[in-house]
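*Asks:* The primary structure of each chain is shown beneath.
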Amino acid sequence: AQTVTQSQPEMSVQEAETVTLSCTYDTSESNYYLFWYKQPPSRQMILVIRQEAYKQQNATENRFSVNFQKAAKSFSLKISDSQLGDTAMYFCAFMPPNTGNQFYFGTGTSLTVIP
Amino acid sequence: DTEVTQTPKHLVMGMTNKKSLKCEQHMGHRAMYWYKQKAKKPPELMFVYSYEKLSINESVPSRFSPECPNSSLLNLHLHALQPEDSALYLCASSQGSGSQETQYFGPGTRLLVL
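Protein chains in written order, with our numbering: chain A, 1 to 115; chain B, 1 to 114.
So that you can see chain B by itself, here it is in the shape it has in the complex (with noise of 0.2 angstroms):
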């Protein structure tokens, strides 16, 4: 089994909410991953959890806070979002987070910022 899932699919929020995605794996995955995916391109890496603790974080601004509560669960706590943050949010696990180790993704959380 390599499923990955995320909630909600779809999210519609203004400015001034504050709301949170969840990702969740079962895999026994030791790494998760926050990506942040505009139509048409690639997606962008935003955070790395490796062994629940916050590896990398690629200089994303602090209105985005990610949260490992356990091995099987990555949230992106938002708050005070802006219109340009509208995109496809990915959350994806691998084994670990060594060179090599294979991204599996979830189908994402299409969020838009009105």
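For reference, chain A alone in the conformation it holds in the complex (with noise of 0.2 angstroms):
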């Protein structure tokens, strides 16, 4: 079964901080894709950034990184200097193969900016 677990239900940074969302998963795959989506307040989800299982290099997108440790089975998303848009909640997903592009989501991470 895929499990995956966030474990932070909230969390907070002051502005232009750095931030590290914790994501963990349980799989037999050795193929698979990693995602973060975030979600704000009565906004929609957009994708923030993914990761093949394959490739050993961490992604990035601007702002936002990620601590990809396969043999752990680890996720992290790292988030340079805070802004206060970043105030969302964060969705960790998993996706093995061969299941129909369907996505094993976590509970979720509420992260509030302060300014």
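Certain hints may be false.
Listed below are several chain A residues computed to face chain B (Cβ distance under 10 angstroms; list not exhaustive) [said to hold, decoys possible]:
1) Y33
2) F35
3) Q39
4) S42
5) R43
6) I46
7) T87
8) F91
9) G106
Partial pick of chain B residues on the chain A-facing surface, computed with a CB cut under 10 angstroms [said to hold, decoys possible]:
10) V4
11) L45
12) V48
13) S50
14) E52
15) E58
16) G96
17) Q100
18) G108
Think of the hints as simulated: they come from the structure by calculation, not from any bench.
Glycine included, C-beta positions come from ideal geometry on N, C-alpha and C.
Got two chains here, separate frames each, mind docking them using the hints?
*Replies:* Next comes the structure, spelled out in structure tokens:
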């Protein structure tokens, strides 16, 4: 069974500081995909970053980067220079192969950026 | 353009009403999805359409009836809903339904069943 765990239900960070959101997953697959999605309050869910398991290099998108540890089954998201617009619910998602593109979502981390 | 649009934004309906939710994308994507999301919870997959055919139905009650009239449009017909069906209904699309396809989400329809 595939499971995704986000152990931090809520987090806060001062504006301009760095914060790391954790995500662990459990799978017996070797080739899969990992995603972080952001859902601001009353706004739509948008993709933050994705990582292919076969790539050793960690994905980065501007202020967002991941620390992907395949052996440890860990996929944390680092947000640098936090901005007020980063306040949102963040969902980690795992996608195994050959499942019709189905996500396994974590329970989410609610991040608040404090001015 | 990675836009998925959904109408209406909000919907209030009684348990005997029939209503429909609409989702549209013009990105040429061939897979479309319906999700249900309760407050502060992750989305739960309901249906997947791949090339306009229903490929996944996650044991959703028959009071929810999906329809995919063409490759750009996805509907969700609602009938005889229960108050516990009140939620945010999200539509998403992806280029295909193979592995690793990024899904793009719409803003959702917030449904309240009285």
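*Asks:* All the hints need checking, so say for each whether the structure fits it.
*Replies:* Hints versus structure:
1. The interface hint given for Y33/A is met, as the beta carbon of that residue sits about 4 angstroms from the closest beta carbon of chain B, less than 10 angstroms.
2. For F35/A, the suggested interface contact is upheld, since its CB lies about 7 angstroms from the closest CB of chain B, less than 10 angstroms.
3. Interface hint at Q39/A: satisfied, since its Cβ lies 8 angstroms from the closest Cβ of chain B, which is below the 10 angstroms cut-off.
4. The beta carbon of S42/A is positioned within 10 angstroms of a beta carbon in chain B (closest approach about 9 angstroms), and the interface hint is therefore held.
5. Here the hint on R43/A is kept, as its CB sits about 7 angstroms from the closest CB of chain B, short of 10 angstroms.
6. Because the closest C-beta pair between I46/A and chain B is about 7 angstroms apart, less than 10 angstroms, the hint holds.
7. Hint status for T87/A: violated, given a least beta-carbon distance of 14 angstroms to chain B, over 10 angstroms.
8. Here the hint on F91/A is kept, as its CB sits about 5 angstroms from the closest CB of chain B, short of 10 angstroms.
9. At a threshold of 10 angstroms, the smallest CB-CB gap from G106/A to chain B is about 7 angstroms, leaving the interface hint in force.
10. Interface hint at V4/B: satisfied, since its Cβ lies 8 angstroms from the closest Cβ of chain A, which is below the 10 angstroms cut-off.
11. For L45/B, the interface hint holds, the least distance from its beta-carbon to any beta-carbon of chain A being 6 angstroms, beneath 10 angstroms.
12. A hinted interface residue such as V48/B counts as satisfied when its beta carbon comes closer than 10 angstroms to some beta carbon of chain A; here the least separation is about 6 angstroms, so the hint holds.
13. Hint status for S50/B relative to chain A: holds, with the closest Cβ pair at about 7 angstroms, below 10 angstroms.
14. The criterion of a C-beta within 10 angstroms of any C-beta in chain A is not met by E52/B, whose closest approach is roughly 15 angstroms, and the hint is violated.
15. With its C-beta approaching chain A no nearer than about 9 angstroms, E58/B sits inside the 10 angstroms limit, and its interface hint holds.
16. Nearest Cβ of chain A to the Cβ of G96/B: about 8 angstroms, under the 10 angstroms cut. The hint holds.
17. Proximity of Q100/B to chain A holds as hinted, the smallest CB-CB distance being about 4 angstroms (cut-off 10 angstroms).
18. Among the interface hints, the one on G108/B holds; its C-beta lies about 7 angstroms from the nearest C-beta in chain A, closer than the 10 angstroms criterion.
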